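Each residue of the sequence shown is one higher than the last, beginning at 1 in our numbering.
Simulated from the structure, these hints should not be mistaken for lab results. Nothing false has been slipped in among the hints.
Taking CB as the label site, the calculated pair distances span:
| hint | residue 1 | residue 2 | range |
| --- | --- | --- | --- |
| 1 | 74 | 51 | 30 to 36 Å |
| 2 | 33 | 78 | 28 to 34 Å |
| 3 | 9 | 55 | 35 to 41 Å |
| 4 | 68 | 12 | 16 to 22 Å |
| 5 | 27 | 75 | 21 to 27 Å |
| 6 | 42 | 62 | 18 to 24 Å |
| 7 | 51 | 14 | 32 to 38 Å |
| 8 | 40 | 2 | 51 to 57 Å |
| 9 | 60 | 5 | 38 to 44 Å |
| 10 | 67 | 11 | 18 to 24 Å |
| 11 | 32 | 72 | 18 to 24 Å |
| 12 | 79 | 38 | 40 to 46 Å |
| 13 | 4 | 38 | 50 to 56 Å |
Please read all numbers here as calculations on a predicted model, not as lab measurements. Built from N, CA and C at the ideal position, the CB exists for glycine as well.
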Amino acid sequence: MSDLGEIRAVLAGVTEQLGSAYQQAGVARARIADAVAVLDGLGEQHSEPLVPPELRQAAEELERGLGLISGGATAVADIDARL
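Make the full structure from the sequences, and use the hints.
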């Protein structure tokens, strides 16, 4: 395989891993949203909110991570297109 072919093969692998990471993070986002919804619902019967601030912070960090993964995928696609 040529050097260019090897580079493209590595980029394809990175693209696949980034896609998998994005998909898994999407599952995590959905599960966090479900947890927040359940806790919000239960909190209506409680005097204090039940959703820990750390859970909301985790959701925000996950959104930031999804953006970074997406940006990484775009950068890899741009590199591949220039080859």
